[in-house]
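Colleague: One letter stands for each residue in the lines below.
Protein chains: 2
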Amino acid sequence: MFIESIKNQKIKDIKKLNQKKYRDKSNLFIIEGEHLVLEAYKNNVLDEVLISVGYDIDINITKTFVPSSVLSYITELENAPKVIGICKKIENKHIGNKILILDRIQDPGNLGTIIRSSVAFNIDTIVLSEDSVDLYNSKVLRATQGLIFSMNIIERNLIDFIEELKCNDYKIYGTSVKNGKVLKNIENSEKFAIIMGNEGKGVESNILDMCDEYIYIPMNSKCESLNVAVATSIILYELSR
Amino acid sequence: MFIESIKNQKIKDIKKLNQKKYRDKSNLFIIEGEHLVLEAYKNNVLDEVLISVGYDIDINITKTFVPSSVLSYITELENAPKVIGICKKIENKHIGNKILILDRIQDPGNLGTIIRSSVAFNIDTIVLSEDSVDLYNSKVLRATQGLIFSMNIIERNLIDFIEELKCNDYKIYGTSVKNGKVLKNIENSEKFAIIMGNEGKGVESNILDMCDEYIYIPMNSKCESLNVAVATSIILYELSR
Numbered sequence: 002m003f004i005e006s007i008k009n010q011k012i013k014d015i016k017k018l019n020q021k022k023y024r025d026k027s028n029l030f031i032i033e034g035e036h037l038v039l040e041a042y043k044n045n046v047l048d049e050v051l052i053s054v055g056y057d058i059d060i061n062i063t064k065t066f067v068p069s070s071v072l073s074y075i076t077e078l079e080n081a082p083k084v085i086g087i088c089k090k091i092e093n094k095h096i097g098n099k100i101l102i103l104d105r106i107q108d109p110g111n112l113g114t115i116i117r118s119s120v121a122f123n124i125d126t127i128v129l130s131e132d133s134v135d136l137y138n139s140k141v142l143r144a145t146q147g148l149i150f151s152m153n154i155i156e157r158n159l160i161d162f163i164e165e166l167k168c169n170d171y172k173i174y175g176t177s178v179k180n181g182k183v184l185k186n187i188e189n190s191e192k193f194a195i196i197m198g199n200e201g202k203g204v205e206s207n208i209l210d211m212c213d214e215y216i217y218i219p220m221n222s223k224c225e226s227l228n229v230a231v232a233t234s235i236i237l238y239e240l241s242r
Numbered sequence: 002m003f004i005e006s007i008k009n010q011k012i013k014d015i016k017k018l019n020q021k022k023y024r025d026k027s028n029l030f031i032i033e034g035e036h037l038v039l040e041a042y043k044n045n046v047l048d049e050v051l052i053s054v055g056y057d058i059d060i061n062i063t064k065t066f067v068p069s070s071v072l073s074y075i076t077e078l079e080n081a082p083k084v085i086g087i088c089k090k091i092e093n094k095h096i097g098n099k100i101l102i103l104d105r106i107q108d109p110g111n112l113g114t115i116i117r118s119s120v121a122f123n124i125d126t127i128v129l130s131e132d133s134v135d136l137y138n139s140k141v142l143r144a145t146q147g148l149i150f151s152m153n154i155i156e157r158n159l160i161d162f163i164e165e166l167k168c169n170d171y172k173i174y175g176t177s178v179k180n181g182k183v184l185k186n187i188e189n190s191e192k193f194a195i196i197m198g199n200e201g202k203g204v205e206s207n208i209l210d211m212c213d214e215y216i217y218i219p220m221n222s223k224c225e226s227l228n229v230a231v232a233t234s235i236i237l238y239e240l241s242r
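Line order of the protein sequences matches chains A and B. Residues in the first sequence are numbered consecutively from 2, following this note's numbering. Residues in the second sequence are numbered consecutively from 2, following this note's numbering.
Watch out, some of these pointers could steer you wrong.
Put simply, identical chains are the same to the list, so a pair is met inside one copy or across any two.
Simulated crosslink set (DSBU-like; lysine-lysine; CA at most 30 Å straight-line) [said to hold, decoys possible]:
#  : residue 1 : residue 2
1  : K172      : K185
2  : K140      : K21
3  : K182      : K94
4  : K13       : K202
5  : K202      : K140
6  : K185      : K223
7  : K172      : K13
8  : K192      : K223
9  : K94       : K17
10 : K21       : K223
Hints are computed from structural coordinates only; laboratory data are not their basis. Remember, predicted model here, so these are calculated numbers, not experimental data.
Just chain A, same shape as in the assembly (with noise of 0.2 Å):
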């Protein structure tokens, strides 16, 4: 198929998956570039693309072919993209036994960035709470660099959720500066969540009384508090041993 026109109602459709409430309401979202496309493809979230007359990419999946003016026209980018990719959003039913519970995370780039570390340390769901930044946000989606496919991510609820989890046995951490253990001192636990905070305000109050344990990690008095994506990446990194 060929679409020559920004007029064209699929690509004023298309464009529309730059805001939330349209993301939202017909569960797709948009990726750009051939590296996530291609992610995509391989996670079978990929629906149809958007190809710059001229290349193609070797995927058996739908293509227009529109000029790289229909493409400036619907990324926010500087430098258009020469694929993008309209993906569905999937949610996977089972949660695993390894969670990190992030609440209210506001930085795209930190929550990309926790995504990806994620994938690195073995975690099996990341739970978002309901005002987190969007998932489907395009920089957070750069910042995992591919990997937002090859890992379970859902919204929920967090109080609610954390209650399910506990009657399930699963150890419930949190982190403190002032009464938390030691980092390289937390034991394993076989089934176990992690809740990490906003980057200003850290975790509300009263989901941070729900911890069964509070996480130390030991540096400089001169330095205040991590970046959020860095402490979450050094507790991962330390539970996945």
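Let chain A serve as the given structure and place chain B on it in line with the hints.
Modeller: Just chain B, lined up with the frame of chain A:
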């Protein structure tokens, strides 16, 4: 003192400090917001401040009061801060025993986050290659959360600098996925330098060849690499034990 207009030469000169070439020429840089300004003041690098009329901060340094339009004119932030400080660049000649070398880091958020983690995990000096993102870029300064003033950071030709370190019995660490030694098995050295590299390209090969030992962070094979600020922080965390 009070300056009302953005046409004032002093204000024009301060605005120019948003550009690297003027920072290099003047050996000055600007910081935005009360938190960073107070940190600069505590660390004796603050030269003077611009303060929004009607606001004040309790420091004993040359103050110039300006309307908020002047602060909006100078800042590159969406919301103008109430305080902008002008700082002098200061370089400490003493480099210490624990050194972090950064080869061509490009992302300001990554550099800022690495500086923050370096303070947390007791690095003495950070050495930047000559073609790194500028340390005094406002995004770097913000990502350090004020810890820029708690770290000695210098810029050097890395090959010359590493040769000097080797003559002085520093152990030089690089990272390698293929031939690396697992991070947890690295023994402590009294004097060491860790070399981390560019986001996409890693450390230049002729620099990597100068290392005495290579570190490997074990991770799931689905993940090719970690974000550079995360990888650096995990290594610093582990070596600070």
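Colleague: Against each hint, give a clear statement of whether it holds in the structure.
Modeller: Verification of the hints:
| no. | hint | result |
| --- | --- | --- |
| 1 | K172 x K185 | both (17 Å within a copy, 25 Å between copies) |
| 2 | K140 x K21 | both (13 Å within a copy, 26 Å between copies) |
| 3 | K182 x K94 | neither (32 Å within a copy, 38 Å between copies) |
| 4 | K13 x K202 | neither (38 Å within a copy, 37 Å between copies) |
| 5 | K202 x K140 | both (22 Å within a copy, 21 Å between copies) |
| 6 | K185 x K223 | both (21 Å within a copy, 26 Å between copies) |
| 7 | K172 x K13 | neither (47 Å within a copy, 58 Å between copies) |
| 8 | K192 x K223 | between (35 Å within a copy, 22 Å between copies) |
| 9 | K94 x K17 | within (28 Å within a copy, 54 Å between copies) |
| 10 | K21 x K223 | between (39 Å within a copy, 28 Å between copies) |
The structure shown violates the earlier hints numbered 3, 4 and 7.
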